[in-house]
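Build the complex from these two chains, which are given one at a time in their own frames, with help from the hints.
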Amino acid sequence: MKISLDVDKCCGAGQCVLAAPDVFDQRDEDGIVVLLDENPPAEQLGQVREAAAVCPAAVIEVQE
Amino acid sequence: MNRPESVTVVGASAAGLGVVETLRREGYEGDLTLVGGEPHLPYDRPPLSKQLLSGAWDVGRLTLRQPEALQELDVDMRLGVPAVGLDTAKRAVLLGDGERVGYEALVVATGASARRLPGTEGVRGVHVLRNLEDAQELKAALARRPRLVIVGSGFVGAEAAAVARELGCEVTMVTDVAVPLGDALGAEIGGMLADVHREHGVRIEPGVMVEGVLADGARQVRGVQLADGRTIEADVVLVGIGAGANTGWLKGSSVPVGNGVECDATLYAGDGVWAAGDVASWVHPGTGRRTRIEHRTNAAEQGLAVGRNILAGPGEAKPFAPVPYVWSDQYDLKVQIYGSTRGADEVRIVEGGLGERRLVALYGQGGRVCGAAGINMVRVLRAHRRSVADAVPWEPEAALVGGER
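Just so you know, the protein sequences line up as chains A and B, in that order. With the numbering used here applied, the first sequence closes on residue 84, and no number is skipped along the way. With the numbering used here applied, the second sequence closes on residue 410, and no number is skipped along the way.
Extracted from the complex, chain B is given alone in its bound form (with noise of 0.2 angstroms):
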């Protein structure tokens, strides 16, 4: 086993915190450097649209880990300080206030970044909802009751919805699907959840593109022009359009990025450099698909298989076969996911129902279980994760027999 000297980290969020502390403690010696673009110490993201929008946590229940913890990690923290530049034939990370990092590895974890709408920068009053500063400055526009438009219907566009709502906004949600959250749950479910939406009070827009939003000559926003040719009013725009990968400051390198920074199954990149969390493509070993996970827990479960690859070297290091898990609260609905169900064409309620708001389904593609997904249904769910992992064939009439009530 050959340990590189030194490892330097970029990227302080979930998956990079998890890259460090997996290689602390599984006894590595060696230099540790950790680069943060953003000024906080590692703070959770999914509470952000949850939690800190509505007001329920402070910013302080955030924080991932103490000072004292991470002062025990013994790591050279360079928060604040974007990474700007990479020299992969030197192996050196350029930051932005000019200093460069050497390294003998390096783990790419620098994420992703929210897309925005053409033509909205430097209007005030519109909105994204990625980083610590997004949720508390729509936390405060809030604050104020506006008439809410959200642009998307994602589970970030969903969150904000459901807290808008509960602070007493107008919310109008604007997609180009023809069922929210369809993409993700399929019609049935997806309409499930838009019905719980509109009982709440949410207006919904369906398949409709905006075509932009609408300012006035302060450049404060007024409302969103859709493609059909109407327009809705609005005080405050947020835009949950999705997210792209942050490798700009690779150009240049030798470091592959396509859709994300391209890692072989191990989420090795080659030239010493690994990728974790959102940022990072690899192909799943179980499906053999190039894919690139956007959640809270793919990004602590990749840090973790990346600090041990890193200790276990290229030649030797396993492949990353996750089952990939997400949440998502709204109202008082939890929403949870294991595996893949963008693109399944079958789905089958296996436990509960619709009409009761509890529910598991299966999803099924070609013939296999390839993702399972709950409403209300915990514990339930759990009981299902293992015919996703092993991909079972599509039975779902023995799941409803045989699964765990």
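Next up, chain A with everything else stripped away, as it sits in the complex (with noise of 0.2 angstroms):
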């Protein structure tokens, strides 16, 4: 699995963290996205597709 994001699109929400928290992070500062793990076991498939369609700003691509 492969994650692309497109941070500057980040709007902070933290949706992803809620879905993948393995996965994704915020920063501290501003709650930008972190990615944690850029090539997650194929098991967190399904949290990290979930993430990417729950987050309010499009910024997670998920290629398998």
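Simulated from the structure, these hints should not be mistaken for laboratory data. The reader is advised that the hints may include incorrect statements.
Stated by the list, open to error - Below, computed lysine-lysine pairings styled on DSS-like, alpha-carbon distance capped at 30 angstroms: (1) B:Lys-55 - A:Lys-29; (2) B:Lys-256 - B:Lys-323; (3) B:Lys-144 - A:Lys-29; (4) B:Lys-144 - B:Lys-256; (5) B:Lys-95 - B:Lys-256; (6) B:Lys-256 - A:Lys-29; (7) B:Lys-339 - B:Lys-144; (8) B:Lys-323 - B:Lys-95; (9) B:Lys-55 - B:Lys-339.
Every value quoted in this text rests on a predicted model; they were computed, and no experiment measured them.
In structure tokens:
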């Protein structure tokens, strides 16, 4: 799985962290997304896709 | 599991897109049709009153999915054609071009429209801010640095005020409430935000109704008339007084409509019809209250939930029980709210403070936590989301001690 982020569009909602806490985090100062794991294990795919789906700024792209 | 052979989604914004993406992601192979009244590919609305209005982003940045990604969904897209009627007996959507689109399952995701001030039809210089064209027209108007009057003090009005000041416009905000944003955040925090707007040069006229706009012989707006007899001169007026659900096209169908499409807790409205996004009203299982939410994250989450529930079928569908979330960017402040803060009977700042303009506040109702709001404390606020989700008893002192810092 490959994850790419359009960080400039991030609005700091943190929905991705709630959906996939092992893969995403937020910066302390402004809540902008931080990618914890660029190549997460396959069993995380469901969570990562859900994170991409609920992101309110369409920041996350997932390729299998 | 009896999956429908065809699903038609009316409304091609965040909620509608969420439904079709979820269906395909979860392996649905039936016919999918996506009807959108606007001619554009699905685009994002929160930046309209922020980055698009300010000029920081061009229109292309708003596109929610690239054309190739949409193509892969294998969806019959009917964009630029509004739905004008629904025949629930024959299960067909009537489109503005006279065509009929059948369905076995239908999703109503037609969103909401900005409320307008009576008597402003055809008056030049009076704007609303809801879709791409609205934002582009307002942006063009603000480029001339006009005297702008904003009617209403909700998030859209407050964000537009911030952008307009940064663009050098003279801005007056008129609102019928005592404290702008006070209904959403409480008088104290709303008052702090109002102070920030004043410091940036926004003139605020609180606690007064706008009776109407004043126009010259050429039907160009010249100002607003207040209920207390005063007038305020304006070259441009932005009306930001909320929105109403787009349900007119459902008239005469069996779909129950009140303030939005009235669904059960699973977002099902009967007769194969579901609803998602701003247009959907459902009974939140946590609060037991009928709820309709006009926020971006709710649209995505309801799209996801409806997609899954369609595949599960009405009998097996799961109740939709989110922690609502909304954010607003004004100047260098990020305002974020979890849960429901309107109508709270308790407000307590549990982290940071008004003076430093970084804080987290908890909101309580009936002895339980019902909401949490943060200003420039993103991660700290997220740690309090759990209290909102669990509606824990109102003990904010405990939160103050135990809250993650």
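> What hints, given by number in increasing order, does this structure fail?
Replying inline: 4 and 6
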